[in-house]
Amino acid sequence: MEQEPVKRVVGKYWIQRFHNWKRHLVYSHIPGRHCKILFLNIENTLLNLCMVLHISVLVICKTICLIPRTFQILLSCSWCFFKSYSKRFKKVANTSNSNASS
Numbered sequence: 004m005e006q007e008p009v010k011r012v013v014g015k016y017w018i019q020r021f022h023n024w025k026r027h028l029v030y031s032h033i034p035g036r037h038c039k040i041l042f043l044n045i046e047n048t049l050l051n052l053c054m055v056l057h058i059s060v061l062v063i064c065k066t067i068c069l070i071p072r073t074f075q076i077l078l079s080c081s082w083c084f085f086k087s088y089s090k091r092f093k094k095v096a097n098t099s100n101s102n103a104s105s
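So for the sequence shown, the numbering used here puts the first residue at 4; every next one is plus one.
Hint data in this document are derived by calculation from the structure and do not stem from the laboratory. Even for Gly, the Cβ is constructed at its ideal location relative to N, Cα and C. Hints may contain errors.
To be verified - Computed list of lysine-lysine pairs in DSBU-like fashion (alpha-carbon distance at most 30 angstroms, straight line):
#1 K93 - K15
#2 K15 - K25
#3 K25 - K86
#4 K39 - K25
Unchecked claim - Just the calculated beta-carbon pair ranges, DEER-fashion:
#5 V55 - K86: 12 to 22 angstroms
#6 R20 - F84: 44 to 54 angstroms
#7 F74 - N44: 39 to 49 angstroms
#8 T48 - I70: 51 to 61 angstroms
#9 T66 - K86: 22 to 32 angstroms
My request is simple: use the sequences and hints to build the entire structure.
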């Protein structure tokens, strides 16, 4: 069985944990129906905020990791293009030198 990378496991773990906390009601000793509803709304809002913050941090971290990889790919492609262009230029220069000497 193949293990997932640690980053994915941590991300899934916390999102699952936040969903579990939202599903399970916290038993409070707050009197009154309206106060309990207000407490649950505040609790759900805080959990939603934590989930959004967590997902945002994950996306930012993945984007930061993607930037050096993209730069490396562009650099290697430009290097290959430069090498092929320099080979063509040398062939053209050699052809023109041989034509000039004859």
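Hints, one by one, checked against the model:
Pair hint K93 plus K15 does not hold up; C-alpha atoms about 55 angstroms apart against a cutoff of 30 angstroms. A threshold of 30 angstroms between alpha carbons decides the hint, and for K15 with K25 the separation of about 15 angstroms falls inside it, so the pair holds. Between the alpha carbons of K25 and K86 the distance comes to roughly 58 angstroms, so the proposed pair goes past 30 angstroms and is violated. At roughly 15 angstroms between alpha-carbon atoms, K39 and K25 fall within 30 angstroms of each other, so this suggested pair holds.
Between V55 and K86, the C-beta spacing of about 47 angstroms breaks the proposed range 12 to 22 angstroms. A C-beta distance of roughly 48 angstroms is found between R20 and F84, which places it inside the suggested range of 44 to 54 angstroms. Distance hint for F74 and N44: a CB-CB separation of about 45 angstroms, consistent with the stated range 39 to 49 angstroms. Roughly 33 angstroms separates the CB atoms of T48 and I70, a value that falls outside the hinted 51 to 61 angstroms.
Look at T66 against K86: about 31 angstroms separates their beta carbons, and that is inside 22 to 32 angstroms.
Taken one by one, the earlier hints fail for this structure at numbers 1, 3, 5 and 8, listed in ascending order.
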